[in-house]
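As a plain string of letters, each chain reads:
Number of protein chains: 4
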Amino acid sequence: MGKTALIVIDMINTYDHADAELLLPSAAEVVPTVAALMKRARGSGAPVVYVNDNFGEWRSHHGELLDKALAGPHASLVAPLKPDDKSLFVLKARHSIFFETPLQYLLSQQGIDRLVLCGQVVEQCILYSALDAHIRHLEVTVPRDAVAHIHADLADAALRMMERNMGAHVCASDDLWT
Amino acid sequence: MGKTALIVIDMINTYDHADAELLLPSAAEVVPTVAALMKRARGSGAPVVYVNDNFGEWRSHHGELLDKALAGPHASLVAPLKPDDKSLFVLKARHSIFFETPLQYLLSQQGIDRLVLCGQVVEQCILYSALDAHIRHLEVTVPRDAVAHIHADLADAALRMMERNMGAHVCASDDLWT
Amino acid sequence: MGKTALIVIDMINTYDHADAELLLPSAAEVVPTVAALMKRARGSGAPVVYVNDNFGEWRSHHGELLDKALAGPHASLVAPLKPDDKSLFVLKARHSIFFETPLQYLLSQQGIDRLVLCGQVVEQCILYSALDAHIRHLEVTVPRDAVAHIHADLADAALRMMERNMGAHVCASDDLWT
Amino acid sequence: MGKTALIVIDMINTYDHADAELLLPSAAEVVPTVAALMKRARGSGAPVVYVNDNFGEWRSHHGELLDKALAGPHASLVAPLKPDDKSLFVLKARHSIFFETPLQYLLSQQGIDRLVLCGQVVEQCILYSALDAHIRHLEVTVPRDAVAHIHADLADAALRMMERNMGAHVCASDDLWT
Chain E
1 MGKTALIVID MINTYDHADA ELLLPSAAEV VPTVAALMKR ARGSGAPVVY
51 VNDNFGEWRS HHGELLDKAL AGPHASLVAP LKPDDKSLFV LKARHSIFFE
101 TPLQYLLSQQ GIDRLVLCGQ VVEQCILYSA LDAHIRHLEV TVPRDAVAHI
151 HADLADAALR MMERNMGAHV CASDDLWT
Chain A
1 MGKTALIVID MINTYDHADA ELLLPSAAEV VPTVAALMKR ARGSGAPVVY
51 VNDNFGEWRS HHGELLDKAL AGPHASLVAP LKPDDKSLFV LKARHSIFFE
101 TPLQYLLSQQ GIDRLVLCGQ VVEQCILYSA LDAHIRHLEV TVPRDAVAHI
151 HADLADAALR MMERNMGAHV CASDDLWT
Chain U
1 MGKTALIVID MINTYDHADA ELLLPSAAEV VPTVAALMKR ARGSGAPVVY
51 VNDNFGEWRS HHGELLDKAL AGPHASLVAP LKPDDKSLFV LKARHSIFFE
101 TPLQYLLSQQ GIDRLVLCGQ VVEQCILYSA LDAHIRHLEV TVPRDAVAHI
151 HADLADAALR MMERNMGAHV CASDDLWT
Chain V
1 MGKTALIVID MINTYDHADA ELLLPSAAEV VPTVAALMKR ARGSGAPVVY
51 VNDNFGEWRS HHGELLDKAL AGPHASLVAP LKPDDKSLFV LKARHSIFFE
101 TPLQYLLSQQ GIDRLVLCGQ VVEQCILYSA LDAHIRHLEV TVPRDAVAHI
151 HADLADAALR MMERNMGAHV CASDDLWT
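Protein chains in written order, with our numbering: chain E, 1 to 178; chain A, 1 to 178; chain U, 1 to 178; chain V, 1 to 178.
Because the hints were derived from the structure by calculation, they are not lab data.
No false leads were mixed into what you were given.
Any copy, or any two copies together, can satisfy a pair, since identical chains are not distinguished.
Taking lysine-lysine and the DSSO-like style, the derived pairs with C-alpha atoms no more than 30 Å apart in a straight line are: (1) K68 with K86; (2) K39 with K86; (3) K68 with K82.
Model, not experiment: these values are computed from the prediction.
Next up, chain E with everything else stripped away, as it sits in the complex (with noise of 0.2 Å):
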């Protein structure tokens, strides 16, 4: 049996993306769950692994990335969850947490094979990145309030998807290190 870690899904972000208006509210709102969540993660010793959109088209790296969001109007979103000196961090392509990353090779080296998925959006990374997991054997529990929707309904479908087909454990995130 591995370790456990928490991925953080595309939350260091400007939110000048399509669709950004209808994320927010539900950004702001479980911002402060994912930092509560970061917190008892890096108390309990567990990796935490920020894996973020390349929005700086393959010059930037997550520093400069992170330094732009907290310089964009949005930066009260993206302030609670600043990465510490342990945090790992992987760039994606587009979507999974898998395509065309070394997120698969860095678990595998560091002995992870469970993870719990947290961040934006439930019904389009979340989901492709639990199947992207399901479908390498890596276990995943995604904590239901402690993940952003664009889209409500889409949102519960993708929840149910992934509880029923990907083998996913869907809970409250204080289920979670407590």
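Assemble the complex: chain E is given as a structure, and chains A, U and V must be docked to it using the hints.
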């Protein structure tokens, strides 16, 4: 602009897996539609690619899978969909048509960049395959009457996800190759 | 610690490809060694996995490839290496046994983490496959008398590269399963 | 026909790894050649992509790798090769520039289908990357005076393998972008 292929997913099937009872009525409904679609695709010279789970555990080949399905109690769901001499075959490990398969290579070698996905089941393998096609910048069409489901509500959500979030064109099979 | 498998590369062959004339003498020399190795592996209960180029262009299956090779002018190089009922099969696109194939999935499902690579040709497919196994942290053994070559000098360099840079164990086939 | 990119492999380096002593003289020899090549590529508007081992263990980013290398005892081998504002970056896990990296995605998004590989070391990462490029049907050029080696004899064999078996064009760096 490349070619369009018809991708027939998991229809060479003995229907003895979990949830088969729930799937059978929907499968029975789509088989004639898939058969007609296949006939029109072949008539237009479009490549037909069968992508199927490897029930044989890496010992069998697609000829044996077909023989076994045709000898089983649900042969009537398989016989109308038999491959012809020009059919192409890919065995998949699980779920997505792209996961650990040569499909991406086959498509690029044949100059195919548009996929029509039919078969089963829409809220699982079809959804996962549509995502993996979209992430690879392939164009996806899903004829809604040529895909079978296990759970109608998740199937409906899956079709909306494909249309809204994966750029898929959801249509009636009568719109294709006519 | 997992299991060891014997991987037989590109030996189901009609030998009508480029460079076949240069390959044939070396192939003829290794066939009896590969056959003996296969027999000992089977006797020890080790899985034997045939990985072969897909000469059939995604229309044929491994049974047809075998029939064609056995009906050709070089049947005597194929007959001693026929699969048995327990043999496993993977068709590859080109070069490496891992490129766009389900091999990594098959190995992990069967708990195999050590590979003995035999077949042809050592300075191409065997070298590339040893690299792709090493990069995936699989342990590799190459019996130098059970791998055929086209160019002797490149074959020698390939064996040194595998030993020095890819952590492979290069040995005599008599050291294995005896 | 797509664009050509210059790929600079593992040159942002602290040279404190195994075999570094053997590598240093060859690296010192190629640095001015790589720097000149880079200058001509930039002058022609060709994209320059740095692909580098992730020495930072998924905590650091390319800016930190560069700072560390420039602060070390071998800064003189790194300073002439500094990225400019248009440089692109990919961190790799190990060995090949394609293994678990977004490089293939980056290349296809930018319309690049021809690679000039330079850097180190020719009988390892350059060889593996040339293979992985060839297997993906990308065109490869290797300027022999812009690649460093650890073992001269294996480097020579690697260049012959790339030329003969991987369809690579091996040339002098003066032949490129002049």
